[in-house]
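Going down the list, the protein sequences come from chains A and Y. The working numbering applies: residue 1 is where the first sequence begins, and numbers increase by one. The working numbering applies: residue 1 is where the second sequence begins, and numbers increase by one.
Misleading hints may appear alongside valid ones.
Calculated pairs, DSS-like style, for lysine-lysine (alpha carbon to alpha carbon, straight line, at most 27 Å) [claimed, not checked]:
#1 Lys-22(A) to Lys-150(Y)
#2 Lys-150(Y) to Lys-24(A)
#3 Lys-53(A) to Lys-150(Y)
#4 Lys-7(A) to Lys-53(A)
#5 Lys-53(A) to Lys-10(Y)
#6 Lys-70(Y) to Lys-150(Y)
#7 Lys-53(A) to Lys-26(Y)
#8 Lys-7(A) to Lys-157(Y)
#9 Lys-157(Y) to Lys-58(Y)
#10 Lys-84(Y) to Lys-53(A)
#11 Lys-25(Y) to Lys-58(Y)
#12 Lys-25(Y) to Lys-53(A)
#13 Lys-70(Y) to Lys-53(A)
#14 Lys-180(Y) to Lys-66(Y)
#15 Lys-66(Y) to Lys-42(Y)
#16 Lys-180(Y) to Lys-46(A)
#17 Lys-84(Y) to Lys-7(A)
#18 Lys-46(A) to Lys-2(A)
#19 Lys-86(Y) to Lys-42(Y)
#20 Lys-180(Y) to Lys-2(A)
#21 Lys-46(A) to Lys-150(Y)
#22 Lys-66(Y) to Lys-53(A)
#23 Lys-22(A) to Lys-46(A)
#24 Lys-157(Y) to Lys-180(Y)
#25 Lys-10(Y) to Lys-157(Y)
#26 Lys-66(Y) to Lys-10(Y)
#27 Lys-42(Y) to Lys-53(A)
#28 Lys-26(Y) to Lys-58(Y)
#29 Lys-88(A) to Lys-150(Y)
#30 Lys-66(Y) to Lys-25(Y)
#31 Lys-46(A) to Lys-7(A)
#32 Lys-157(Y) to Lys-84(Y)
#33 Lys-7(A) to Lys-180(Y)
#34 Lys-61(Y) to Lys-42(Y)
Everything labelled a hint here was simulated from the structure, so no lab data went into it.
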Amino acid sequence: MKCERIKEIIATDYIDGQLDEKLKRQVQAHLGICSQCLAYEESLRKVAVEPFKNLEELSPPDFVWERIRVNIEEGQAQHRGSILTFLKNSLQPFFHIPRPAPLFAAIAVAILVITVTSAVVSLNSVARIKSYFQEQEDFLNSLEANPENSQAGSGNLGTTIEEYLF
Amino acid sequence: MVDLFTDIVKQAAQGDMGAFEQIYKKACGFVYSIALRIANNKSDAEEVTQDVFMQIFKNLKNFEFKSSFKTWAYRITVNTAINKYKQASREKYHRLEYESVANRISVMDKTAEFINKESAEERVASFLRVLDPEQRACILLREIEGLSYKEMSEVLKININTVRSRLRRARGALLEGVTKGAITHEV
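In isolation and in its complexed conformation, chain Y is listed as follows:
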C-alpha cells in the first residue's frame, strides 16, 4: 500500500485546505470505488464519499500514524458504505423505482468507451449483489484493492481467521449465485 505523505496529513490537520485537497485527490478514487461497489448506487456513493472526507477532516488532528493513512481511510470508507447500504435497503422499493427511470434517461448520452467501462461495472455489480455488505467489503479489499489478510484484519478490525471465513463464504456465495442463475452476466 502506498501511504500518503505524512507532512501533507499534518498540514491538513492544521486546517490547510490546499493540503486537504491533495489528500482528497489521492484518496477519492479508492474511496468512491469502494463506496459505489458496496452501496451499489451512485448517489449513495457520492454521499458516502462526502461523509468519509468530512470524517477524515474532522479526525485528522487525532490521527496518530499508528496505522497507515490508507488503512484508516479504508476503515472509515467500508464502515460508512456498509451503514449507508443498510440504511438504503430499508428504502429499497422507492430507490429501484427511481433508478430505472434515471437509467433510461441517462443512457442516451453515453460514449462507447463509457458504455464498456460501465458494462464492466455492471458485471461486477451483478456479482457483488449476491453478497451481504460485509462480504462485499472483504472481496473488494482482497480482489480489487489487493490487501493482504493482515491488512484486511486491520481495516475491518476482525482477526485473520474471521477474514478467511468471510472470504470463503463470500466466494462460496458467488459460486452458488452462478450455479443457481442468480448471477446473470456471462462468466
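Pulled out of the complex, with its shape left as it was, chain A reads as follows:
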C-alpha cells in the first residue's frame, strides 16, 4: 500500500482500533519501515486523540433545570386551561342557565308591560261603552224633544218602501 492510503487508514480505523487483524498487521508492517508514516501516526495521537482523553463530564448550573421545569409546568397549565376552555365552550349551549338577576328583571318588565297594556285596553273599552250609551241617550232625547225630526229623518231614508212602512 502507498503512504497516502496508509495515512488515511491511520487517521481513522487504525487509530480508533476498528481494523481487522489482517489489515492491522499490514499497517504495522508499513510503519516498521516508513519513518514518515510513523511520525504521522505519533503526531496524530498527540494532537487529535490524547488531548480529549480523561476529560470530565461537565454539569450545567442548577438554574437550567429550574428554567426547564418552569417552562414545562407553564406549558402544562396552559394546555389544561385550553382543554377546559374548549370543553366549557362546547358544552355551554346545552347547559345554559340564565343568571337570576337578568331573569327576574326580564320577568318584571314582562309583567309590567302586560299590566299596563291590559289597563290601557280596559280604560279604552269603558270609555267607548260610555260614549256609546251617551250617544244613544242623546238620540232618544232628541226624538222625544222634536218628533218631526224623526219623520224628517225617516223621509231621509229615501226609498218608497221605507216611506210606506214608516
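Please build the complex by placing chain Y on the supplied structure of chain A, with the hints as guidance.
Chain Y only, in chain A's frame:
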C-alpha cells in the same frame, strides 16, 4: 452506551415531572458537555441544554425505542448545538466583546481545582476551535463519548464512510492547526 430505564422514559412521557427530572439528572452531563464544546460558550450551552430537554419532553410520547434513548438525545443535542453555533457565529463580534469582560470579572473567584479543570477545558476548546461544528461533533462523539462508527452514523444520520471522512478531515485539521500555530496550547 448505557441506556436509560425504559419505564422512566414511559412515565415521563405521561407528563410525570419526577420521572423527567431523573432523566435530566442522568443525561444533563453529556448534553451540557457536548453543547459547551460545540457552541464554545457557556450561556449558549445553557440555552442549548434547556432547548434539548424541552424537545425531549415534547417528543417523549413519540419515542418508539427503535434506537437507544441516549442515541436519540445525542442526535438532538448535536443538531441543536450546531444550529446554535451557526446562529451565534453571525453575532460573533458582540459576543467576543462581552466574553472578554465577563471573563475578567469572573476570574477573581475561582478555586485552584476549578482553574485546573477550566484550563483543561480551555485547552480542548483551543483544539476544537480550528474545526467546523460538524467536525467538532464527530471528534466529541468519538473521543469523549466513545461512540463506535456505527453509533456515530446513527446519531449524525450519515453513513459510516462519511463518518470516516469527517474524522479524517477533522484530525487532519487539528494536525495542521498545531503545525501552523493556530493551536497555541502546549501539546
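* **Hints not upheld, ascending by number** => 5, 14, 15, 17, 22, 24, 29, 34
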